Amino acid sequence: MRIRAALATAVASAGILLAGWQSGAHIAETGAATTTSLSSSTKSGGTSSGGGTNTGSPSSGTGSSSGTSTGSTTAATFDGTQVQTRFGTVQVRVTIQDGKITEVTPLQLTDAERKSAQISSRAAPVLRSEVLQAQSANVQTIGGATVTSDAYLTSLQAALDAANF
Amino acid sequence: MTSLLNPDTSADSMPAPPPAGRPPAVDRFRTQSRRRLARADLLGAVGWLSGVAAVALWLADGGASGFSSFAGTMTALGIVAGLIGMDLVLLMLLLAARIPVVDNAIGHDRALEIHKSLGKPALYLLLAHGLFVAIGYGAAEGLDPLSESISLWINVPDMWLAFVSMALFIAVVVTSLVAVRRKFPYEFWYVVHLLTYAAVGTAIPHQFSVGGLFAEGTWQRWYWLALCIGTGLALAWFRVYQPLAASFRHQLTVSRVVRVSPDVFSIEMTGRNLERLSGAGGRFFLWRFLAPGQWWQSHPFSLSAEPVPGDRNRPGKLRITVRNLGEGSARLARIRPGTKVAIEGPYGLFSTAARSRDDVVMIGAGIGITPLRSLLETTPFEPGHATVLIRGHDESELFLGQEIMALCQARGVTLFHLLGPRSHGDHAWLPRDVAQAGFGLHSYVQGIADADVYVCGPSPWAASVIRDVELAGVPAEQLHYERFDW
Chain A
1 MRIRAALATA VASAGILLAG WQSGAHIAET GAATTTSLSS STKSGGTSSG
51 GGTNTGSPSS GTGSSSGTST GSTTAATFDG TQVQTRFGTV QVRVTIQDGK
101 ITEVTPLQLT DAERKSAQIS SRAAPVLRSE VLQAQSANVQ TIGGATVTSD
151 AYLTSLQAAL DAANF
Chain B
1 MTSLLNPDTS ADSMPAPPPA GRPPAVDRFR TQSRRRLARA DLLGAVGWLS
51 GVAAVALWLA DGGASGFSSF AGTMTALGIV AGLIGMDLVL LMLLLAARIP
101 VVDNAIGHDR ALEIHKSLGK PALYLLLAHG LFVAIGYGAA EGLDPLSESI
151 SLWINVPDMW LAFVSMALFI AVVVTSLVAV RRKFPYEFWY VVHLLTYAAV
201 GTAIPHQFSV GGLFAEGTWQ RWYWLALCIG TGLALAWFRV YQPLAASFRH
251 QLTVSRVVRV SPDVFSIEMT GRNLERLSGA GGRFFLWRFL APGQWWQSHP
301 FSLSAEPVPG DRNRPGKLRI TVRNLGEGSA RLARIRPGTK VAIEGPYGLF
351 STAARSRDDV VMIGAGIGIT PLRSLLETTP FEPGHATVLI RGHDESELFL
401 GQEIMALCQA RGVTLFHLLG PRSHGDHAWL PRDVAQAGFG LHSYVQGIAD
451 ADVYVCGPSP WAASVIRDVE LAGVPAEQLH YERFDW
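Chains as they are written, first to last, in the numbering used here: chain A, 1 to 165; chain B, 1 to 486.
If you're looking for bench data, these hints aren't it; they were derived computationally from the structure.
Computed from a predicted structure; not experimentally measured.
Relax, there's no trap hidden among the hints.
Some chain B residues near chain A, calculated using beta-carbon distances under 7 Å:
1) Asp41
2) Gly44
3) Trp48
4) Tyr137
5) Ala140
6) Glu141
7) Asn155
We treat Cβ as the ideally placed atom computed from N, Cα and C, and that holds for glycine.
Throw the hints in and build the complete structure from the sequences for me.
Here it is, written out as structure tokens:
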């Protein structure tokens with residue numbers, strides 16, 4: 001390649017990379033925002049797009065299950081452990097009323113890559129209905145979402161243990 | 001001058017100039033060469049930008065957010081390496097697809113040279129992809145890279161295929177290393193090379209299911225789909241359909257085999273629609289003679305004469321001249337008239353399409369003389385503006401020497417026979433006594449710096465010629481060299 005063409009290519013490359021980075025930075029921010037709102041547990045089964053926020057420190061999959069009773073009736077919610085997977089952190093909250101599992105809310109789902117966010121959003125509702133039906137964490141994992149399912153059920157089991165369910 | 005009367009724009013629409021005698025439009029070749037070099041630059045830029053675009057689209061889909069942590073950074077680096085690696089693999093396939101736009105711009109030789117030079121970088125990038133992703137995923141889960149790889153293999157669907165793909169890529173690149181390739185017959189290398197398709201095929205599932213490349217709603221999905229499908233179509237069209245179509249279109253049949261010297265023979269063929277191959281003199285085809293024990297081997301040979309189109313009464317004619325070099329070409333000498341021939345081609349830039357100046361110099365040795373013979377027949381030049389140097393140990397090695405002499409007389413070409421034992425040292429391409437007497441390239445050709453130089457012969461000899469040609473001030477775009485050591 002002649003020098004002028006090489007220079008033009010280099011400049012074009014820099015421009016294209018910069019443009020990609022610019023539009024990507026925007027997506028990464030909204031992704032982080034969505035994850036935060038999920039953590040505050042106002043939404044259920046939500047998905048977050050873009051980059052993962054919590055793939056870092058390999059915290060162990062045990063401990064830290066915190067049961068918080070909400071009081072007024074016999075309904076109580078319990079948070080499961082945060083389970084680290086290669087696709088992001090998974091944590092669920094379980095609601096128990098009159099000795100039955102009435103709701104499972106994902107606090108965090110795998111979202112490290114867009115594809116994993118997509119997988120989570122598909123797997124979470126299915127897992128939820130299976131758990132509600134079986135009334136335990138002892139249900140089948142979802143094909144094609146093995147990692148997410150395993151983490152989901154592990155976190156759920158920890159929550160159930162904390163609830164002495 | 002003709003150029004003043006005929007501006008460049010009208011030169012394009014003019015019918016092809018008659019082959020001999022008439023002066024070509026001045027500057028026609030300069031324009032042609034400028035355009036060809038511009039096309040080559042454009043292709044080079046597209047190649048680079050395809051890799052850049054792959055990374056940019058990944059960034060646009062939020063890829064950079066991973067860089068906030070160690071695990072995320074490792075994973076992101078792994079993904080970038082994988083993206084560029086995959087892009088290089090697809091570029092390599094495109095370079096080997098014999099696409100006419102590529103062949104016309106840089107030539108088949110150069111395309112394969114680039115193809116080869118990309119092999120190792122692509123493999124290293126794919127290895128880095130596996131390593132960094134294993135480290136990144138492992139760090140996120142608190143596993144070491146090895147346990148992470150094992151867990152990926154066992155637990156994640158499609159990942160075992162990705163490991164198989166990696167092994168296949170390693171096999172393909174290792175068997176293509178020069179040192180390894182020499183130890184095995186061509187056919188072994190060829191079969192292993194076919195595994196490339198399996199390697200790409202087994203790599204794609206994990207890009208769908210584990211990686212985000214084809215995730216719905218991303219730009220990357222469309223980019224990679226287009227790239228993969230485009231590459232597949234190019235291969236199917238140019239390497240499968242076009243050769244079949246050409247073989248059926250021309251219906252080539254061996255008409256006779258003529259011995260030129262004890263180990264050199266011409267194979268003459270008849271066929272239809274040969275006017276469509278006009279101008280192919282000097283370019284090469286891959287020939288497959290459809291006889292028992294022969295059909296599975298294809299041989300690259302250049303035409304040794306311009307194709308003669310047929311008419312209602314007689315079929316068109318085509319000729320190649322072959323030296324008995326290997327086992328395969330030895331069998332060709334015994335090929336029977338009536339044998340059907342399948343072809344792929346024409347390929348290469350050893351033709352008028354590569355011209356950049358009005359003057360021509362042709363330098364050939366051994367069997368490399370024969371493509372020059374067909375180029376000499378048609379490429380336009382004015383009488384007195386072409387020089388031919390042919391080299392042989394003795395007269396009997398100047399294959400088709402009589403025909404070349406006749407063409408030179410008819411078209412006003414200066415012809416030199418360079419005969420005698422080879423010399424050593426700086427001008428090894430010249431006969432010993434000539435070199436010792438102090439003669440050089442300048443003794444034969446005046447003003448070579450402003451001429452197109454076509455070189456064809458065994459590669460050590462050609463390397464020596466090219467050195468002298470470059471020393472004489474001939475720029476790269478005027479130097480056209482056909483390799484003859486396949």
